[in-house]
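**Q** From first to last, the protein sequence lines are chains H and X. First residue of the first sequence: 1, per our numbering; consecutive thereafter. First residue of the second sequence: 114, per our numbering; consecutive thereafter.
Do not rely on the hints blindly, as some may be mistaken.
Which residues of chain H face chain X? A few of them, derived with a C-beta cut under 7 Å, are [unchecked claim]: (1) G43; (2) D105; (3) T107.
Just so you know, the hints here were simulated from the structure itself, not pulled from any lab data. Just so we're clear, the structure is a prediction, and the values are computed from it rather than from any experiment. No residue lacks a Cβ here, since even glycine has one placed at the ideal position from N, Cα and C.
Read off the chains here:
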Amino acid sequence: AQSVTQLGSHVSVSEGALVLLRCNYSSSVPPYLFWYVQYPNQGLQLLLKYTTGATLVKGINGFEAEFKKSETSFHLTKPSAHMSDAAEYFCAEPNTNAGKSTFGDGTTLTVKP
Amino acid sequence: EPEVTQTPSHQVTQMGQEVILRCVPISNHLYFYWYRQILGQKVEFLVSFYNNEISEKCEIFDDQFSVERPDGSNFTLKIRSTKLEDSAMYFCASTPQGARASYNEQFFGPGTRLTVL
Numbered sequence: 001a002q003s004v005t006q007l008g009s010h011v012s013v014s015e016g017a018l019v020l021l022r023c024n025y026s027s028s029v030p031p032y033l034f035w036y037v038q039y040p041n042q043g044l045q046l047l048l049k050y051t052t053g054a055t056l057v058k059g060i061n062g063f064e065a066e067f068k069k070s071e072t073s074f075h076l077t078k079p080s081a082h083m084s085d086a087a088e089y090f091c092a093e094p095n096t097n098a099g100k101s102t103f104g105d106g107t108t109l110t111v112k113p
Numbered sequence: 114e115p116e117v118t119q120t121p122s123h124q125v126t127q128m129g130q131e132v133i134l135r136c137v138p139i140s141n142h143l144y145f146y147w148y149r150q151i152l153g154q155k156v157e158f159l160v161s162f163y164n165n166e167i168s169e170k171c172e173i174f175d176d177q178f179s180v181e182r183p184d185g186s187n188f189t190l191k192i193r194s195t196k197l198e199d200s201a202m203y204f205c206a207s208t209p210q211g212a213r214a215s216y217n218e219q220f221f222g223p224g225t226r227l228t229v230l
């Protein structure tokens, strides 16, 4: 069964610092991978997705992620954190048959002034 | 911009009671989903729905849950006899395409927070 692992349930950075949120997948076939963000008391919003093609994917709010097959990773990065980036971030892999997504445990990002 | 809506935003119920959570997916979407997120835990898939029938469901689904699309717009999740451990955020989602739906973004609603006392 496919699984998605997010390393680090909590990440804290200073405003302006690099954000790195880690995601590893377990699929033996090339997966499709999504990153979602959940702001407090809100639903899940898509940040970016990897399907095929370019392995470096750019998303909204300055986030990007790179698909690395050799490392089975899809880490999310942002060069300079803003206070408004404080949220929970989920890596997810859709199941190609049913369309459902398998989510990682989530990483809570805290941005300090 | 079209969005998935869910009602109510917060529901409080007594253990053993039936609860119906309502969702209005985006109008031209074809796949619909329910997920739940118990506080502090990961988002968990419950069921997917396409062409008026369940496509896939989690192991525990039939014990407690059912879904309906009673008209052309609403998509409901019924919890038959709520338990304390059903307290969670319940998210509805929809996807635009029938074919290759998994490659498409799932648009999530804001969620319903269910509290079982």
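**Q** Hints first: check each against the structure and report whether it holds.
**A** Taking the hints in turn, this is what the structure says about them:
no.	hint	verdict
1	G43	holds (4 Å)
2	D105	holds (5 Å)
3	T107	violated (11 Å)
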